[in-house]
Amino acid sequence: MTWLRGYAVLYLLFLYAPIILLPIFAFNDSTIIAFPLSGFTTQWFSEIPNTPALVKSVQTSVIIALTTAVLSTTLGICAARAGAKYTFPLKAPILGFIMLPLVLPEIIVAVSMLVVLLALGLPLGSWTVVLGHTLICTPFCIAILNSAFANLDPSLEEAAIDLGETRASTFRLITLPLVMPGIIAAMLISFTISLDEFIIAFFLTGTEPTLPVYLWGQLRFPQKIPVVMALGTILVVLSIILLILAEMARRRGLHRTGTQDSGGFL
Amino acid sequence: MTAIVSLKDVQKYYGTYHALRGVTLDIAQGEFFSLLGPSGCGKTTLLRTIAGFEDISEGTLILSGQNMADVPANKRPTNMVFQSYAIFPHLSVGENVAFGLRKRSDLNTKEKAALVQDALEMVGLVGFEKRAAHALSGGQRQRVALARALILKPKVLLLDEPLSALDKKMRDQMQNELRQLQRHVGITFILVTHDQEEALIMSDRIAVMFDGEIAQLADPQTLYRRPISRRVADFIGVMNFLPANASGNKIDIPGLGAATLTPEQCPGGTPSGPCTIGIRPETMSILFGTEPAPARETNGTVHELAYYGDMTYYDIALPGVEKPVTLSMKNLVGRRVLERGESTRISWDDRALVAFAD
Amino acid sequence: MFRNSQTARGLTLIAPPALYALLLLAVPLLAIFAFSFWSQDFLTIDYTPTLNNYREALSEPLYTELMMRSVLIAGAVTVATVLLAFPIAYFVSFHVPQSRKSLWIFLITIPFWTSYLIRVFLWKVILGYNGVLNSSLLSIGIIDEPLTFILYNANAVVITLAHAFAPFAILPIFVSLEKIDRSLLEASRDLGENHVMTFLRVTLPLAVPGVVAATLIVFIPTIGDYVTPRLVGGPNGLMIANMIQTQFLKLNNAPMGAALAVIAMAIVTVIALFFIFLNRRWLKGRNS
Chain E
1 MTWLRGYAVL YLLFLYAPII LLPIFAFNDS TIIAFPLSGF TTQWFSEIPN TPALVKSVQT
61 SVIIALTTAV LSTTLGICAA RAGAKYTFPL KAPILGFIML PLVLPEIIVA VSMLVVLLAL
121 GLPLGSWTVV LGHTLICTPF CIAILNSAFA NLDPSLEEAA IDLGETRAST FRLITLPLVM
181 PGIIAAMLIS FTISLDEFII AFFLTGTEPT LPVYLWGQLR FPQKIPVVMA LGTILVVLSI
241 ILLILAEMAR RRGLHRTGTQ DSGGFL
Chain S
1001 MTAIVSLKDV QKYYGTYHAL RGVTLDIAQG EFFSLLGPSG CGKTTLLRTI AGFEDISEGT
1061 LILSGQNMAD VPANKRPTNM VFQSYAIFPH LSVGENVAFG LRKRSDLNTK EKAALVQDAL
1121 EMVGLVGFEK RAAHALSGGQ RQRVALARAL ILKPKVLLLD EPLSALDKKM RDQMQNELRQ
1181 LQRHVGITFI LVTHDQEEAL IMSDRIAVMF DGEIAQLADP QTLYRRPISR RVADFIGVMN
1241 FLPANASGNK IDIPGLGAAT LTPEQCPGGT PSGPCTIGIR PETMSILFGT EPAPARETNG
1301 TVHELAYYGD MTYYDIALPG VEKPVTLSMK NLVGRRVLER GESTRISWDD RALVAFAD
Chain F
2001 MFRNSQTARG LTLIAPPALY ALLLLAVPLL AIFAFSFWSQ DFLTIDYTPT LNNYREALSE
2061 PLYTELMMRS VLIAGAVTVA TVLLAFPIAY FVSFHVPQSR KSLWIFLITI PFWTSYLIRV
2121 FLWKVILGYN GVLNSSLLSI GIIDEPLTFI LYNANAVVIT LAHAFAPFAI LPIFVSLEKI
2181 DRSLLEASRD LGENHVMTFL RVTLPLAVPG VVAATLIVFI PTIGDYVTPR LVGGPNGLMI
2241 ANMIQTQFLK LNNAPMGAAL AVIAMAIVTV IALFFIFLNR RWLKGRNS
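The listed protein sequences correspond, in order, to chains E, S and F.
Residue numbering for the first sequence follows the working numbering, starting at 1 and increasing by one per position.
Residue numbering for the second sequence follows the working numbering, starting at 1001 and increasing by one per position.
Residue numbering for the third sequence follows the working numbering, starting at 2001 and increasing by one per position.
Please keep in mind that the hints were generated in silico from the structure rather than gathered at the bench.
Honestly, I wouldn't trust all of these hints.
[What the hints assert, rightly or not] Simulated crosslink set (SDA-like; lysine to any residue; CA at most 20 Å straight-line): (1) S:Lys-1250 <-> S:Glu-1297; (2) E:Lys-85 <-> F:Gly-2010; (3) E:Lys-91 <-> F:Leu-2011; (4) E:Lys-85 <-> S:Gly-1015; (5) F:Lys-2250 <-> E:Ala-119; (6) S:Lys-1330 <-> S:Glu-1297; (7) F:Lys-2124 <-> E:Tyr-11; (8) F:Lys-2124 <-> E:Pro-23; (9) E:Lys-85 <-> E:Phe-171; (10) S:Lys-1168 <-> S:Asp-1195; (11) E:Lys-91 <-> F:Leu-2023; (12) E:Lys-91 <-> F:Leu-2019; (13) F:Lys-2250 <-> E:Ile-241.
Extracted from the complex, chain E is given alone in its bound form (with noise of 0.2 Å):
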């Protein structure tokens, strides 16, 4: 199977090829984003902290991501849980319809809350973004946490009971430790979605733009790519660290509860 070996590492090479050429370009003497390379320089790296523009927006959009991060982990907390230990009527139709965003394109969603904070005049801000990278971010933080509470073994909370401790008691002793690196791979993620979303936050905003509308305003100005490509390069090493991170929570969480790795986030 030698040719299969060589086609997986052709494909990885499609994969990582723009990521390849971020650095590159990034170090790269030249306002030209083109081969061949003309110097190496770290320009456009001490550039990034003198644009307050630039700064403004990473500023605004991790607090969006932040504030997103814990808004949608906590409604996935709440979804997953009612999903893995009780039935109520309508159980399925209601868990379909908190997952449906994942199956929408973004536009759809964006375009739709736009409709509806305009006709109610509210003003657009960062906490609109909030709104609908929370309403994307849910459905994921469940499909993580869906997992951990399933892997919890439901006699663990009866012994705890049984033992003497209460519903909230056990809550905090028992089911919080044993779901928190599921808790911790969520709150990534959906940092991460919100993060790196353009077309909710593009429509959505208001005047003090996320790091994607700011980015996507600058891909205009050839002579701000480099710098763009530089910021590029930063959030690469960055979400590549949160990922090792939440992978790592998540390997220990399955350790924990002495289940088998079986693959993936998603």
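Assemble chains S and F onto chain E, guided by the hints.
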């Protein structure tokens, strides 16, 4: 008998499914009691209603003199050993055992540690308190689960198929240990099992359950020797069933001839007309050569045999009986193993017969 | 511990996410639906119900062409992505040792988590007239002049989206391949089939649910993609999402945009249902 657990006409419905159909039961203080039955018979449901994990649809449950209707699981004087053991994977062995002591404000840290030590010693796990829970073997997990439950000195310890996850050797050993432990602590144990042998070995009394009802409640010997129905007899060990015909206390058994049965040989009531006679394989034997029969005897042919090493099981075809009867012989020194097709004499004792109404 | 209180607990827990989805998804979707039957003159909305938006959307060549193109591009992206992804999923599932599988899956998902916008832009850099691909090919002498059919057209959109949605296609196929009991393959070989026939008669049929899932997961977001057509599609690579955006933000014709959004959703739903139906039929045929 002072009942520590008392159930009266307990009913349990899951929607339209009737899981417990009027269970009435008294369990004495210090008793080793087993709930035995096939899967889906309601034995686990019954155990979980005692623990408080399931509510009772109708009827009453009294534990140690107190009605449990409004008492939640965490306030009941029961503790449970779960089928999966439910060892908290994020806590060490010591933390697991100490788990239930958290709210005991009457104890200081030192006293709690001493209790944990005692509990670990009781189950033979001294020196394991720092061990991570997932680094334990099946037998060790079970011991942790036992220590964790017994440290709270419950009035009743509930065990949900605690040995089913262990291999045969370990299971035999734990059966012994559990029995000794129960005698040592003197706490009432209620064991749920589908393994009839396990129930016979360990219990003072056994309730056999079918379809949400108690079919028979008796001590192991009575249960084995005098099963109340053909279904119970079939579930506990091996029994031959022969069609027969009863008139008065005389029973005519094709293949074995006529016999007179005492009332206690008819635990389900004295039958009349067509009925079934049961006899256990080990109460019959093969007569070698001209050996005189200790009781009654008849002639037959070896239809099939299975050699088990210590025992040989023979299926003996009897004239006038459709199905061969099974009997077992110990493979004593010098005792021959018969061959298929060989003619032989077999003997039995009428006192071993049990009659069931059809 | 009573059953009705179990139900109450479940409902209490599900209420926050359900209400959230109701307020921020159901209400807006209904609003879009309502909007599509209204009309807008400059900045005032006329609430008289009308089918004019739909009539225009379905008769005006500009719109119908865009919709056709969106479906065709999304279809091409889906076919390309799934075809390219299957061998990878197969390779990782069948030819990578168990201990290294999660590393491979991890490697495959990493590019997906890096800025989408920048990735699309970099494809523009790769595929451009003076881009990485053309300059490399020129320098090794494979071509004499730069290729022009790979940027600012539908091809560029297909290549870029096939890259962007690769993990979405690989993961479901991988999961379905992982579920296949390996002794089935040995049984097929034992019964006299060679590797190729075993693949065709056992592996492939059992992987169908994964392929269907991959198809849907790629197709649905692709048909509504905005960034890629704008950045690398050129005038002939634009798709329905670009028009919806234009209607809402540039032409101030929200009702028309709403009608286009509803039509896009309808197309997605019909195609998705078709595939789900196919999958059901397939599973049913196998089980009976």
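Here is what the structure says about each hint:
{"no.": "1", "hint": "S:Lys-1250 <-> S:Glu-1297", "result": "holds, 18 Å"}
{"no.": "2", "hint": "E:Lys-85 <-> F:Gly-2010", "result": "holds, 8 Å"}
{"no.": "3", "hint": "E:Lys-91 <-> F:Leu-2011", "result": "holds, 9 Å"}
{"no.": "4", "hint": "E:Lys-85 <-> S:Gly-1015", "result": "holds, 18 Å"}
{"no.": "5", "hint": "F:Lys-2250 <-> E:Ala-119", "result": "holds, 17 Å"}
{"no.": "6", "hint": "S:Lys-1330 <-> S:Glu-1297", "result": "holds, 19 Å"}
{"no.": "7", "hint": "F:Lys-2124 <-> E:Tyr-11", "result": "holds, 19 Å"}
{"no.": "8", "hint": "F:Lys-2124 <-> E:Pro-23", "result": "holds, 16 Å"}
{"no.": "9", "hint": "E:Lys-85 <-> E:Phe-171", "result": "holds, 13 Å"}
{"no.": "10", "hint": "S:Lys-1168 <-> S:Asp-1195", "result": "holds, 12 Å"}
{"no.": "11", "hint": "E:Lys-91 <-> F:Leu-2023", "result": "holds, 18 Å"}
{"no.": "12", "hint": "E:Lys-91 <-> F:Leu-2019", "result": "holds, 14 Å"}
{"no.": "13", "hint": "F:Lys-2250 <-> E:Ile-241", "result": "violated, 39 Å"}
Checked against the numbered hints given earlier, this structure breaks only hint 13.
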